[in-house]
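Protein chains in written order, with the numbering used here: chain E, 8 to 311; chain Y, 8 to 311; chain H, 1175 to 1432; chain L, 1175 to 1432.
Quick caveat, the hints were computed from the structure, so don't treat them as lab data. Bear in mind the structure is a predicted one, so any value in this text is a computation, not a measurement. All C-beta atoms in this analysis are idealised placements derived from N, C-alpha and C, irrespective of residue type, glycine included. Where hints are given, some of them may not hold.
[Stated by the list, open to error] Reference excerpt, derived from the structure (chain E facing chain H, CB under 10 Å, subset only):
1) Thr62
2) Pro65
3) Gly82
4) Gly84
[Stated by the list, open to error] According to the in silico footprint, chain Y covers these stretches of chain E (three or more CB under 8 Å from chain Y):
5) 70 to 78
6) 124 to 134
7) 170 to 181
8) 269 to 282
[To be verified] Calculated from the model, a selection of chain Y residues having no Cβ within reach of chain E, i.e. all distances over 10 Å:
9) Arg13
10) Arg44
11) Arg57
12) Thr60
13) Gly61
14) Asp123
15) Arg152
16) Arg164
17) Asp179
18) Pro213
19) Asn278
20) Glu284
21) Ala287
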Amino acid sequence: MTPDLRVEVAGLSLRGPVIAASGTFGYGTEVPLLERRALGAMVSKGIFLRARTGTPPPRIVETPGGMLNAIGLQGPGVDALIRDHAPRWAEWDFPVLVNINGESPAEYGELAARLDGVPGVAGFEINISCPNVEQGGLYFGNDPRAAASVTETVRKRTRLPVWVKLTPMVSDIGVIARAVESAGADALCAINTFVGMSIDLSTFSPRLSFRTGGLSGPAIRPLAVHLAHQAARAVRIPVVGVGGIARAEDALEFLIAGCAAVQVGTATFVNPRTIAEVNAGIAGFLESKGFESLSDLPRYLPRD
Amino acid sequence: MTPDLRVEVAGLSLRGPVIAASGTFGYGTEVPLLERRALGAMVSKGIFLRARTGTPPPRIVETPGGMLNAIGLQGPGVDALIRDHAPRWAEWDFPVLVNINGESPAEYGELAARLDGVPGVAGFEINISCPNVEQGGLYFGNDPRAAASVTETVRKRTRLPVWVKLTPMVSDIGVIARAVESAGADALCAINTFVGMSIDLSTFSPRLSFRTGGLSGPAIRPLAVHLAHQAARAVRIPVVGVGGIARAEDALEFLIAGCAAVQVGTATFVNPRTIAEVNAGIAGFLESKGFESLSDLPRYLPRD
Amino acid sequence: MNGGRPTFLSEAAITGRREVARGMFVITMHAPEIAGSVRAGQFVNLGWSPGPLLRRPFSVYRVDGEQIEVVLKQVGVGTAQLLAMRAGDRLSCLGPLGHGFELGAGPRSVVLVSGGLGVAPMPLAAAQAAAARMRVTWVHGARSSADLCSEWHGDAAVWATDDGSRGATGTAVAAAPEADLVLACGPNRMLQAVAERWPDAQVAVETYMGCGTGVCLGCAVPLARGGYDRACMEGPVYRAAAIDWSALPSHLAYAVTA
Amino acid sequence: MNGGRPTFLSEAAITGRREVARGMFVITMHAPEIAGSVRAGQFVNLGWSPGPLLRRPFSVYRVDGEQIEVVLKQVGVGTAQLLAMRAGDRLSCLGPLGHGFELGAGPRSVVLVSGGLGVAPMPLAAAQAAAARMRVTWVHGARSSADLCSEWHGDAAVWATDDGSRGATGTAVAAAPEADLVLACGPNRMLQAVAERWPDAQVAVETYMGCGTGVCLGCAVPLARGGYDRACMEGPVYRAAAIDWSALPSHLAYAVTA
Ligand SMILES: Cc1cc2nc3c(=O)[nH]c(=O)nc-3n(C[C@H](O)[C@H](O)[C@H](O)COP(=O)(O)OP(=O)(O)OC[C@H]3O[C@@H](n4cnc5c(N)ncnc54)[C@H](O)[C@@H]3O)c2cc1C
Ligand SMILES: Cc1cc2nc3c(=O)[nH]c(=O)nc-3n(C[C@H](O)[C@H](O)[C@H](O)COP(=O)(O)OP(=O)(O)OC[C@H]3O[C@@H](n4cnc5c(N)ncnc54)[C@H](O)[C@@H]3O)c2cc1C
Ligand SMILES: Cc1cc2nc3c(=O)[nH]c(=O)nc-3n(C[C@H](O)[C@H](O)[C@H](O)COP(=O)(O)O)c2cc1C
Ligand SMILES: Cc1cc2nc3c(=O)[nH]c(=O)nc-3n(C[C@H](O)[C@H](O)[C@H](O)COP(=O)(O)O)c2cc1C
Ligand code: FES
Ligand code: FES
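So here's chain E without its partners, still in its complex pose (with noise of 0.2 Å):
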């Protein structure tokens, strides 16, 4: 018998745990080859309220492991995206949520409000690893109040779930993990990309136009294993792990640790057929060990 892989994340039912990471997916068009009917949910590549152009190229730069990104961002902006993509999701068997940025708390206030009630938008992801402009520049990640503003008020202006996605870089995750729960999160996903350079030989300068860039990948599979089961101990929201998914062993490291579903990035890059393939790996996996249901897989979870 297949075992059972429903989970609620949230207020949100899914069919599987795999989930498509922001920036990876695009709006969920256009993957080649993509199985849909594997997919427990989609997030959106991240969107500001206005039309954003993205960095210049070089914009990647493959590493052991991994790759280093600096996209910067570049979309249509929330007109567009009500417009041309969301009612394409209000079709879909799954939720599409919407990796939300801004500026200011105000603005991640202004977008959230813009899509509330929006058909095809099943939620939100904040992606808190954004400069706060109005703060001189630092990032709302790394700091507890302003990643707990920036939560408060997305949470004031919609009824919809709301997951933020914390930055890895900061010496404790599970401060601004419980910031954020008391902010009136609905879930947390752990992580977002750790921050790389990598320098061209030939020009003695970065190889990446924005100097630097997010790196992701199977490289930064412990790290993000680590931190997601530090989040996953310091709240009682369910936490999405993300980073270095590659293989359904990977997906099912995060889900020991103690996280609730799992999102997959870069590996969709290398095999867009990734998402199936960790789905069935992971229903295999249950099904070897006769359990019935993913809710039976032991957790390694020892709380704070």
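Since chain E is already given, all that's left is putting chains Y, H and L with the ligands on it; use the hints.
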């Protein structure tokens, strides 16, 4: 003509910029096939005042492009170090720094005092990635005040060069870098390992007996280059780059990004000749570009 | 889905290899679906294990029954590994990707201008233009005679070398005759010269790529009208004048002379 | 330097492969310096590119002129890649590493007890014991007849299988006769049984390894007297009673039955 690779790092004259990283060379006596003449300097395995047994196995796990280790700073304690190892170092033609560790600033200070003046000990590298037992186990390296306090205490007990090895698990490495610079550090090393975790699917628990371990190897290189660069931008004292160096090209990334020298760790496990090859490769690169010495290498170091 | 056209993912066995210029090799692999549907200028994204994380994009050079061919030189780790493979080894082959050259119905003559590895899409372009009953002029340049691709296709050939060791001394662009349609591929510097001479030429550019399938936005091509689009979806073939050449970084691998 | 004995790092070409039990293969490679100096129970640390980051340790199975042999099964990515290689492919081979078996001058008879892949150091042990003019009894166990290594060396052989399909039903330890000297290798559970029957037996253990050369302290072996030492330097061969078996994690790969 062979380019001049000599470099002065905070009072120590090194014949080349490539240094053996702490914990990956033991006490310098055991690496097979080692060409010692390629070593700019060596940092000994981390030492505490008293002997330590270390953590039970498993202590290491391979990960994509990297490895996790939790050795637990196994070591013989300072007396055995002075008796068994320092006399041999005194005969070598390159400086050996001792990586010092403690559970309180006083312990670090005591260690430095015991080792100050011992022939063979050329300087100290303070490992601040240790839990501060007096402060409820928070890491010294995450807290600018604790990091400064350790540095200051050590500074007062020795006239030898004091290098401080930074942890990457902070939201702004520049803050810690400036704090330890003000507290009297002669140089910084960036960075130590990142905390990670790996789950064993057959036991549903962490693979490492210590549960978490430090991630090292090529996987972390882009993160280490970024952090070393950030540290170098924040201070006036030299920064030694560490993390994922396996080839001359990797070392050159750190040097161009503003480092005065580099350390090689994990790569030695894979190829015991790495340091000699990196050193020769740097010389070859400088020569191919027509530079007569390492100091001619263009640096990418916009000041903060 | 790739703008509505089908994309295939298959394990393609390597079936052969031949050297076509100094250090430049054609690798043949068995990929029947792609062979049956690829258009000149489209590319495949190749992956293998153990190997680098990301796939490597290569133009389809030629189609031969159920085989497709790619041409490459060793420029980095990925190409070194590809060139170390032997017949029977398998590559994961994703494609055809991107928009190829538009031959249209109007033009009666076409000139294919390539520099160095920029020859990559040209044999297939020559075959498809010939099938559309155009007169094909093959123009190919390289640093020196030994670097010229020894294979050519079409009704006439023009050669150019930097050192004059074969054909015209100078660039392929300078040596090329006029025609109804110009298709070009090569180093960006060369393509910029194409853009100056023939704003309406179709050029195949290269960029770093993350996915090759339109989702990562890593392959940004700066457009003359402002903004970026994706080399892997809207490209890699563009109208020469549509590109903001000053903002497009130079990639080295395609070019023997870059 | 490895406790004073020389260590070599060389590119060893694979020269052959043969199957010696179900899924168990011997790989032969050309490594003359190691062939000339290795002692039974020592190991080599193999690396290759592209491949995993860390080297993989393997006991030297046999020496044949300038060739050394290792025996393995596919248990993970590294062993899968090794088994996919072909004659002519090159491995980076570091060794000989660790301390091997001590045959000494006293003993007149030796019994070599192995379970599953624990057979790995035994052919070389048999050859070196024979050269020391000992009488060699080969005792080898596995799950089932098809899993027994088909090659054996010595004056007499004893077989044991869990299912009784060949030789004694039960473990190799139970089936082994007495002798002056006992050398054993296999899953930790088996070695623990060896320690109970023969505290003075020499056993070859396995641990995860980072470097294989004594510098990382990753290969900690818990000792009965407290503390840890290094499988790659002081080991991998120990007096059976010297190990704190309850604290030594079980590694699976060596054991068909573990
Ligand atoms: C649409 C397209 C078609 C191409 N067709 C061909 C072809 O037919 N023949 C051919 O030889 N080359 C072609 N290239 C370039 C080819 O993809 C690169 O040379 C190759 O990826 C280099 O890989 P590497 O691992 O050897 O080099 P490395 O430098 O080790 O690669 C590191 C990273 O940089 C990327 N990269 C390096 N050089 C280039 C480059 N010039 N362009 C794009 N990405 C690069 C790699 O894909 C990889 O992600 C094409 C590129 C594109 C975008
Ligand atoms: C001294 C010594 C001698 C050995 N001799 C042999 C031999 O002759 N034949 C043989 O088949 N195997 C031998 N092994 C075990 C062999 O090294 C592992 O089976 C092999 O490393 C597994 O690699 P993998 O990539 O296939 O497995 P993976 O599980 O993918 O490896 C992941 C990591 O775990 C390590 N690892 C996995 N399993 C083991 C294990 N059982 N022991 C130690 N490390 C492990 C790997 O080295 C690697 O670092 C020996 C081990 C040691 C320590
Ligand atoms: C090209 C690219 C673009 C991304 N864009 C976004 C984004 O817009 N918003 C966001 O929150 N995360 C973004 N991410 C981060 C991913 O969603 C994910 O957190 C990260 O890549 C780690 O997962 P992975 O290793 O599976 O890719 C992006 C990642 C990549 C590689
Ligand atoms: C097995 C192992 C042991 C280490 N022990 C120490 C130590 O005792 N003290 C210390 O400051 N760093 C220690 N490190 C960290 C390294 O010195 C280095 O900072 C880190 O591994 C990153 O460099 P690499 O990627 O080149 O290994 C250790 C690293 C490894 C892999
Ligand atoms: S390569 Fe990813 S969008 Fe083009
Ligand atoms: S494997 Fe590194 S010390 Fe033994």
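Verification of the supplied hints:
Hint on threonine 62 (chain E) holds. Least Cβ distance to chain H is approximately 8 Å, under the 10 Å limit. For proline 65 (chain E), the interface hint holds, since its Cβ comes within 10 Å of a Cβ in chain H; the closest pair sits about 5 Å apart. Interface restraint check for glycine 82 (chain E): the shortest CB-CB distance to chain H comes to about 9 Å, inside 10 Å, so the restraint holds. Taken as an interface hint, glycine 84 (chain E) does not check out: its beta carbon lies about 13 Å from the nearest beta carbon of chain H, beyond 10 Å.
For the region 70 to 78 of chain E, the assignment as covered by chain Y holds, since 5 residues bring a beta-carbon within under 8 Å of that chain's beta-carbons and 3 suffice. Interface restraint, the region 124 to 134 of chain E with chain Y: violated (0 residues with C-beta to C-beta distance below 8 Å; minimum three). Only residues whose beta carbon comes within less than 8 Å of a beta carbon in chain Y count, and the region 170 to 181 of chain E has 4; three or more means the coverage holds. Only residues whose beta carbon comes within less than 8 Å of a beta carbon in chain Y count, and the region 269 to 282 of chain E has 0; fewer than three means the coverage is violated.
Arginine 13 (chain Y), annotated as away from the interface, keeps every beta carbon of chain E farther than 10 Å; the closest lies near 21 Å. Look at arginine 44 (chain Y): its CB is around 25 Å from the nearest CB on chain E, clear of 10 Å, so calling it non-interface holds up. Non-interface call for arginine 57 (chain Y) relative to chain E: holds, since the shortest CB-CB distance, roughly 28 Å, exceeds 10 Å. At roughly 23 Å from the closest C-beta of chain E, the C-beta of threonine 60 (chain Y) stays outside 10 Å, upholding its exclusion from the interface.
For glycine 61 (chain Y), the shortest C-beta to C-beta distance to chain E comes to about 20 Å, beyond the 10 Å cut-off, and the non-interface label holds. Every beta carbon of chain E lies more than 10 Å from that of aspartate 123 (chain Y), the smallest distance being close to 31 Å; the non-interface claim holds. No beta-carbon of chain E comes within 10 Å of the beta-carbon of arginine 152 (chain Y); the shortest separation is about 13 Å. In this structure arginine 164 (chain Y) is separated from chain E by more than 10 Å, as the shortest Cβ-Cβ distance comes to about 27 Å.
The Cβ of aspartate 179 (chain Y) does not lie farther than 10 Å from every Cβ of chain E; its closest approach is about 7 Å, which violates its non-interface assignment. For proline 213 (chain Y), the shortest C-beta to C-beta distance to chain E comes to about 7 Å, within the 10 Å cut-off, and the non-interface label is violated. Asparagine 278 (chain Y), annotated as away from the interface, keeps every beta carbon of chain E farther than 10 Å; the closest lies near 15 Å. At the 10 Å boundary, the C-beta of glutamate 284 (chain Y) stays outside the reach of chain E, the nearest C-beta of that chain being 16 Å off.
Listed as outside the interface, alanine 287 (chain Y) is consistent with that label: its C-beta sits roughly 16 Å from the nearest C-beta of chain E, beyond the 10 Å cut-off.
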